[in-house]
Amino acid sequence: MIVSVHNLKKRYRRVQALREVSFDVNEGEIFGLIGPDGAGKTTLFRILATLLLPDGGTASVDWLDVVRDYKAIRRRIGYMPGRFSLYQDLTVEENLQFFATTFGTTIQENYHLIKDIYQHIERFKTRKAGQLSGGMKQKLALSCALIHAPRVLFLDEPTTGVDPVSRKEFWEMLHHLQHDYGITIVVSTPYMDEAMKCDRIALMQDGQFLQIDTPQAIIAGYERNLWSVSSDHMHQLLGHLRQWPQATSVFSFGVTYHVTVSPDADANRLRNFLAQKGHQHIDINPISASIEDAFMALSTTRQG
Amino acid sequence: MKENYVIEAAGLTKQFGTFVACDHVTFKVHEGEIFGFLGANGAGKTTAMRMLCGLSVPSAGHATVAGYDVYHQADQVKKNIGYMSQKFSLYDDLTVAENLRLFGGIYGMSRRQIKEKTAILLQELGFENERDTMVRSLPLGWKQKLAFSLAIFHEPKIVFLDEPTGGVDPITRRQFWELIYRAADRGITVFVTTHYMDEAEYCDRVSIMVDGQIRALDTPAELKRTFEAENMYEVFLSLARTAIRTDS
Numbered sequence: 001m002i003v004s005v006h007n008l009k010k011r012y013r014r015v016q017a018l019r020e021v022s023f024d025v026n027e028g029e030i031f032g033l034i035g036p037d038g039a040g041k042t043t044l045f046r047i048l049a050t051l052l053l054p055d056g057g058t059a060s061v062d063w064l065d066v067v068r069d070y071k072a073i074r075r076r077i078g079y080m081p082g083r084f085s086l087y088q089d090l091t092v093e094e095n096l097q098f099f100a101t102t103f104g105t106t107i108q109e110n111y112h113l114i115k116d117i118y119q120h121i122e123r124f125k126t127r128k129a130g131q132l133s134g135g136m137k138q139k140l141a142l143s144c145a146l147i148h149a150p151r152v153l154f155l156d157e158p159t160t161g162v163d164p165v166s167r168k169e170f171w172e173m174l175h176h177l178q179h180d181y182g183i184t185i186v187v188s189t190p191y192m193d194e195a196m197k198c199d200r201i202a203l204m205q206d207g208q209f210l211q212i213d214t215p216q217a218i219i220a221g222y223e224r225n226l227w228s229v230s231s232d233h234m235h236q237l238l239g240h241l242r243q244w245p246q247a248t249s250v251f252s253f254g255v256t257y258h259v260t261v262s263p264d265a266d267a268n269r270l271r272n273f274l275a276q277k278g279h280q281h282i283d284i285n286p287i288s289a290s291i292e293d294a295f296m297a298l299s300t301t302r303q304g
Numbered sequence: 305m306k307e308n309y310v311i312e313a314a315g316l317t318k319q320f321g322t323f324v325a326c327d328h329v330t331f332k333v334h335e336g337e338i339f340g341f342l343g344a345n346g347a348g349k350t351t352a353m354r355m356l357c358g359l360s361v362p363s364a365g366h367a368t369v370a371g372y373d374v375y376h377q378a379d380q381v382k383k384n385i386g387y388m389s390q391k392f393s394l395y396d397d398l399t400v401a402e403n404l405r406l407f408g409g410i411y412g413m414s415r416r417q418i419k420e421k422t423a424i425l426l427q428e429l430g431f432e433n434e435r436d437t438m439v440r441s442l443p444l445g446w447k448q449k450l451a452f453s454l455a456i457f458h459e460p461k462i463v464f465l466d467e468p469t470g471g472v473d474p475i476t477r478r479q480f481w482e483l484i485y486r487a488a489d490r491g492i493t494v495f496v497t498t499h500y501m502d503e504a505e506y507c508d509r510v511s512i513m514v515d516g517q518i519r520a521l522d523t524p525a526e527l528k529r530t531f532e533a534e535n536m537y538e539v540f541l542s543l544a545r546t547a548i549r550t551d552s
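So the protein sequences, as listed, match chains A and B.
Residue 37 in this note's numbering sits at position 37 of the first sequence, with consecutive numbering throughout.
Residue 479 in this note's numbering sits at position 175 of the second sequence, with consecutive numbering throughout.
The hints are simulated quantities; they were obtained by calculation from the structure and are not laboratory data.
Hints are not guaranteed to be accurate.
[What the hints assert, rightly or not] Only pairs whose alpha carbons sit at most 30 Å apart, straight line, appear in this in silico DSS-like list of lysine-lysine: (1) A/K137 with B/K383; (2) B/K391 with B/K461; (3) B/K421 with B/K383; (4) A/K71 with A/K137; (5) A/K197 with B/K528; (6) B/K421 with A/K197; (7) B/K391 with A/K168.
No experiment lies behind these values; they were computed from the predicted model shown.
Using the sequences and the hints, build the whole thing.
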């Protein structure tokens, strides 16, 4: 296990940021930490990157202990924090040079690793990092995290605030790194759709893991009956669905509502119920869950 | 039927040196509408929004917001709009009630108005017990809901929301949109940017910016028909691919 975490705990004054989390990451895997802000993702990364001491539990990266062997770990990992943390006053090339030199290597030596990413920004190499756009900063930060050929990449919310097109490109780069160089990647995101791009994921909330598995297995394990419902009066439909006794939860999902219903629920009954309320063009379809449905079901179960 | 517009932009342009960040943007937003303002990073959304809020002076063209000219009457514009961004909306080291009092005071509400509206707002949000809680110790989802309620505390005609749901958990994200609907039902116009394409479906109309220009503006249903797309994500992708100016 290239990353192994056992009962890791961390508390900041009154906030329990991590509550005894455990997980393992296989070599060459893309492992996703999926959860909203405040779930504990950054705390976990900071401990794994040897920047923060845990209150309890153990963690190892590349078979080295994060507390005892912190110096050795730092040479073997690439860490991209959520907040842009390169030197704003240095140019693109100077930043890259700086990180290469710090790790005792050169840009030339590992250029193959960053080529696909760096060539997008190479024509701006004399521009100061502080003057780059969001997408360019993200690519520079990833290049700097890769230039010493790390065994493991820790990426803390690399796509937050990034538009859907750039997000898609970013994930293509990650798959490329995984596929061609076998780099292990641990990546966090608040975007549920990105979970599907990982080999395995941990759904995270309030410092705990709700579930760890492949995204496919998490979806397959969804046990509730789920319907997609729409009508000609979507606005009123929300309230009406919530009045229906067999509906246990109602959430908007793009153009329809996803409704979880009790096992004895009958679609024809719902159709009649809604027709009586004045709805027309009523569409009710049993559907399989998305990862977002699964997350919501798990988080409401946890909250009781 | 006479149309009431809360935003009217005509040829709105912002140039930084030789770079045209916002390029002759023309559009209108109806009263009470939920208007989605989409675009890739660097397409010019923030620049356009700053001009509409009276924070940045247009290089050319003009716009009225809530009936006031953004250039000549910027102060009036600011009084009649609400604004919420993902980054900053609340003071962490003030309590919930103190934040409300501060913002109410800034917008010139009377003590009595502030007191009355505070009671209503706390009840609506189910925050009665959090009145004297420091904002810092509220969960993120609560903060975002409070920040939105604060942005419309002074009953503005229009509220600008800049990526209000970024990083928010999926349930809170949906509850947040229910608050948006409620505000729209009360006649408040909502102008919102988002990177979540399912949220684009919740808007009455959506505009998509590419290279500083508005390339598409319609209802989500009509946009999907025009671009022969299954969903708004596909609409967005096919338009964003036409961009010449790249963010990277």
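Determine which of the earlier numbered hints do not hold for this structure and return their numbers in increasing order. 1, 6
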